[in-house]
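These are the residues of each chain, in order.
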Amino acid sequence: MRLGLILGEVGSGLRRNLSMVVSVVLVTFISLTFVGASILLQMQIGQMKGYWYDRAQVAVYMCTEIDTTGNCTLAEATEDQIAAVQQQLDSPTLAPYINEVQFETHEQAYENFKEQFADTTFEGIITPESLNESFRVNLVDPEQADVLIESLSGLAGVESVEDQRAYLEPIFAILNAASYTAIGVAGLMLVAAVLLIATTIRLSAFSRRRELGIMRLVGASNRFIQTPFILEGVFASLIGSVLAGGAIVAIVQFFVRGYLASTLPVNTSLLGMEEALLVVPILIAVGAGLAAISAGVAISRYLKV
Amino acid sequence: MIRFDSVSKSYPGTTRPALNSVDLEILKGEFVFLVGASGSGKSSFLRLILKEENPSKGSIHVLGQHLNTLSSRKVPYFRRNLGVVFQDFRLLPNKTVFDNVAFTLQVIGKSRGFIQEAVPDALKMVGLAGKSNRFPHELSGGEQQRVAIARAVVNKPAIMLADEPTGNLDPATAAGIMTLLERINLGGTTVLMATHDAGIVDQMKRRVIELIGGQIVRDELQGGYQTQAVPTQGRVPHPAASKPASATTTQAPPQRPTVQSSSQGEGLDA
Numbered sequence: 001m002r003l004g005l006i007l008g009e010v011g012s013g014l015r016r017n018l019s020m021v022v023s024v025v026l027v028t029f030i031s032l033t034f035v036g037a038s039i040l041l042q043m044q045i046g047q048m049k050g051y052w053y054d055r056a057q058v059a060v061y062m063c064t065e066i067d068t069t070g071n072c073t074l075a076e077a078t079e080d081q082i083a084a085v086q087q088q089l090d091s092p093t094l095a096p097y098i099n100e101v102q103f104e105t106h107e108q109a110y111e112n113f114k115e116q117f118a119d120t121t122f123e124g125i126i127t128p129e130s131l132n133e134s135f136r137v138n139l140v141d142p143e144q145a146d147v148l149i150e151s152l153s154g155l156a157g158v159e160s161v162e163d164q165r166a167y168l169e170p171i172f173a174i175l176n177a178a179s180y181t182a183i184g185v186a187g188l189m190l191v192a193a194v195l196l197i198a199t200t201i202r203l204s205a206f207s208r209r210r211e212l213g214i215m216r217l218v219g220a221s222n223r224f225i226q227t228p229f230i231l232e233g234v235f236a237s238l239i240g241s242v243l244a245g246g247a248i249v250a251i252v253q254f255f256v257r258g259y260l261a262s263t264l265p266v267n268t269s270l271l272g273m274e275e276a277l278l279v280v281p282i283l284i285a286v287g288a289g290l291a292a293i294s295a296g297v298a299i300s301r302y303l304k305v
Numbered sequence: 001m002i003r004f005d006s007v008s009k010s011y012p013g014t015t016r017p018a019l020n021s022v023d024l025e026i027l028k029g030e031f032v033f034l035v036g037a038s039g040s041g042k043s044s045f046l047r048l049i050l051k052e053e054n055p056s057k058g059s060i061h062v063l064g065q066h067l068n069t070l071s072s073r074k075v076p077y078f079r080r081n082l083g084v085v086f087q088d089f090r091l092l093p094n095k096t097v098f099d100n101v102a103f104t105l106q107v108i109g110k111s112r113g114f115i116q117e118a119v120p121d122a123l124k125m126v127g128l129a130g131k132s133n134r135f136p137h138e139l140s141g142g143e144q145q146r147v148a149i150a151r152a153v154v155n156k157p158a159i160m161l162a163d164e165p166t167g168n169l170d171p172a173t174a175a176g177i178m179t180l181l182e183r184i185n186l187g188g189t190t191v192l193m194a195t196h197d198a199g200i201v202d203q204m205k206r207r208v209i210e211l212i213g214g215q216i217v218r219d220e221l222q223g224g225y226q227t228q229a230v231p232t233q234g235r236v237p238h239p240a241a242s243k244p245a246s247a248t249t250t251q252a253p254p255q256r257p258t259v260q261s262s263s264q265g266e267g268l269d270a
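From first to last, the protein sequence lines stand for chains H and Y.
So that you can map any letter, position 245 of the first sequence is 245 in the UniProt record's numbering, and since no number is skipped, the others follow by simple counting.
So that you can map any letter, position 235 of the second sequence is 235 in the UniProt record's numbering, and since no number is skipped, the others follow by simple counting.
Among these hints, one or two may not hold up.
[To be verified] Calculated cross-link-like contacts (lysine-lysine; reagent style BS3-like; alpha-carbon spacing at most 25 Å):
hint : chain 1 : residue 1 : chain 2 : residue 2
1    : Y       : Lys-110   : Y       : Lys-95
2    : Y       : Lys-28    : Y       : Lys-205
3    : Y       : Lys-124   : Y       : Lys-156
4    : Y       : Lys-95    : Y       : Lys-74
5    : H       : Lys-304   : Y       : Lys-57
6    : Y       : Lys-57    : Y       : Lys-95
7    : Y       : Lys-28    : Y       : Lys-74
8    : Y       : Lys-74    : H       : Lys-304
9    : H       : Lys-304   : Y       : Lys-205
Don't read these hints as lab results, they were simulated from the structure.
Extracted from the complex, chain Y is given alone in its bound form (with noise of 0.2 Å):
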């Protein structure tokens, strides 16, 4: 589904890579959680299966292409297989939910029939059905997001991104925002979710992959927030510690982390 092989990203300019000889293979219908640092190169990572970048080293496989030589004509083409979800929704403010959903549809060319079955369809399956003619500034917060799923599900995509888009909600919503995202899970779709929200992450047990400095360091199945195994460094394991930049590598030497929610990921690695 997705393979990374000895991949690199360097941006110019900086003699730190992005990411740095990764190696990875997510597979169909995996539910994934990207966690680490900001800096530590997951939004790099998204990027790259996107193909919002290219690597510098090593070769990317999504969904059967092979990314890294695909023309870039074929990239449009290749992006309706995904779908993405922000932390900040990026919604159109001057159209309503149901025509912010069928935006994505119309703009790949679907025919007005198909539109009008599948964004009903897809509001219904994120528990909007009756909200289809407000305006995104007249939503809650989680119901904003709840549309932008419904935007990056709309088309069946096979595999979707979404990169913390529990962020800027609030603990109750954001196990609402889960229970949505494990249910398109069920329904084949693979997820791979950036996040910073250790409780939803140890509660969930799923495939965890931690990056520290463009490397991944851990990748468990069924893992926790933090690793249960090997202490890594300087780890903050504080859920509210979810913001950028306080959880730093500068904390602390190597030392056990105090878990305070309890994860009790079984330290598999995969």
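So here's chain H without its partners, still in its complex pose (with noise of 0.2 Å):
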């Protein structure tokens, strides 16, 4: 019986004012897009960087007889300096950050330039001993890459010592820079949407002021008062959050699984749809969420007694 009269009252308040209620699902469904998207990109910036960081090692570079930068003076690093690298490696201060240690051998580094570039000719430009011997690290924490770079940069024999995750840098800054954009755009939609739900609900309010002063009158607690407008907010912004979610679900499931999957390498890690599926949850609370909380805002005004 109430609940009938509550959906009763939401349904022509929706009804009174459709135009209203058209924008509000709009800049919701807009809105709540950029913010799905910005969360989107954030997950795929987390997943690319553990991805990535899993993978990326501290290389210690030593020095060959054509080098002159970092401690290397024209002269291949001698076995003893080779030695003393690796015994600070496996020193107790440095041991614990360390997972494992690799040592790639003049042919060895040949081989992966070989295999690297195959396309190109480089015989008789590129010899083994031109290129680097090195130790290739993989650190248990790989934020902790300056501990190394720290310890071993001043060694003899050591050209330098390079975190491979400094290549990467760029690439997640781009993407971070693309996502706090996406965030920025959506606090202003998220903004707007609330505003103009809050201008909706006073207006759908205006529009029945004879009703609710009655209602005051007679003795309507405030809660049977603001209900239906509250929901007539919740409503407007559930469908945009709805359509903003279908978004997202199409995003990930054209866009990203369909074009960006296809054109990236094969074994860059991408989204998927259970990704997808946990953003539309939460784009439906915070639409839902704000939306009752502007409603219940503009709606007060009408329930002081």
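With the hints as a guide, dock the two chains, each given alone in a separate frame, to form the complex.
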């Protein structure tokens, strides 16, 4: 009985205010799509970081006869110097940070090089001796590469210590910037959505002010008076949220899984449907929650007794 | 039933209080007229009883509730014991007579079965049994006011507040409304009616409370619109002078009013 009455009020309010309701739907749709996209982007960044940082190593390059940078003086690193680095890596101060160490000889470096640049002609220009011997260190925690860099850079015969993560940083920086931009746009759009919902509800309340006056006079409880308006706002923004959820699923399905997965290298780890379906309830909750709050605030001044 | 203890009400921005130290008690089952010029504080008085306003000073008890301390969450439940009627009826134009009365019960959560019984009863009581499917604009002013009264009494309130209920009606129709209010009063409901209609007040001979400038200047049982005992300032005792501002205190020096519609109140001070 009461529920039917409240739902009837909601329905009549939505019909009376159709154009405002449509604009609320569109604005929440767009703003929440941006929210969803930025969440997805952050997830993608996280996933890629996890994937690549696990594979990123710290490389300790030893000197060759042609190097002048670092501690090199045009002399090949001696076996003693290599042993000293190895000793450092095995020492109790560094060992806890290190997961695994591999030593790459000239020949291995040359093989890798040949494999990597198979379609170019470098025969005769590049010899195995011109490629650095190196220690490839997998860290327990990739964040702590600085410890290695600091303690090994000074050793004799070491040309340089490189954290390979540094190569990835620009990519993540770009993705991060994109995601923050999306968050910024989403934030502005959400402000617009909240204000629009509040205006819509005020308008709706104004068009029903006679009923509201009588309700207050005869003692309808505040909750009874405000519930239809809050539901009205929540309903409009739920439609927008669901559309935004659909858009997010579509983006993942057709753009990420469809387009990106076919153009990017096979082993690139991309988001899947699971992540998209995780974002959808977040969007719906955000949409409904914001609408409920802004509608509740908007209607509250009609409730003062 | 209703008790005011030295109640004052000032609105922000004015130095003159709308009500000034009003002491008053209205008992169960009384029929009370509240008279006075526009701006004398009648409306503030009614609004205070409804707790649409809070008093600036003093305390108000209505139906055993101390209104000063009544939390705003409980105000709606308190108001369910009051019925209110206005000069301008305040019906919902897009609802039928039946739905207008039923609306009151719906919004306080009464069951459909209760509404189906109570609404026809109330309409029958006000004499509109055959018109429950009409819309307000299809009714005469008197009939619209009857709908408003039906709406006010359908929940069997203990107190009925009427703010110039006959102000928009011709004398014959007004008399019909007064008969109805009298019948409601006989049923045990306390009726408090603010009015400018001297003829009605003089004819009914009920308790009369007169306000001037926010103060009670007269409280008579079986009184008339004009006092019989003490001359009061500048009243124009013409029934037609029921419209605001025509009867003001700037009219004349103290004088014994020239009574037109013979008011024979005994001048008993309560």
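Hints, verified against the model:
1. Simply put, Lys-110(Y) and Lys-95(Y) have alpha-carbon atoms about 18 Å apart, close enough for the 25 Å limit, and the pair holds.
2. For the proposed pair Lys-28(Y) and Lys-205(Y), the alpha carbon gap of about 18 Å is at most 25 Å, so the pair holds.
3. For the hint linking Lys-124(Y) to Lys-156(Y), the alpha-carbon distance of about 14 Å falls within 25 Å, and the restraint holds.
4. In summary, the hint linking Lys-95(Y) to Lys-74(Y) is not supported, as the alpha carbons are separated by about 28 Å, beyond the 25 Å threshold.
5. Taking the CA atoms of Lys-304(H) and Lys-57(Y), the gap is near 21 Å; set against the 25 Å cutoff, the hint holds.
6. Taken as a hint, the Lys-57(Y) and Lys-95(Y) pair is broken in the structure, with Cα atoms around 41 Å apart against an allowance of 25 Å.
7. Our distance criterion of 25 Å between C-alpha atoms is met by Lys-28(Y) and Lys-74(Y), whose separation comes to about 22 Å.
8. For the suggested pair Lys-74(Y) and Lys-304(H), the alpha carbons sit about 12 Å apart, so the restraint of at most 25 Å is met.
9. With a C-alpha separation of about 38 Å, the suggested pair Lys-304(H) and Lys-205(Y) falls outside the 25 Å cut-off, and the hint is violated.
The structure shown violates the earlier hints numbered 4, 6 and 9.
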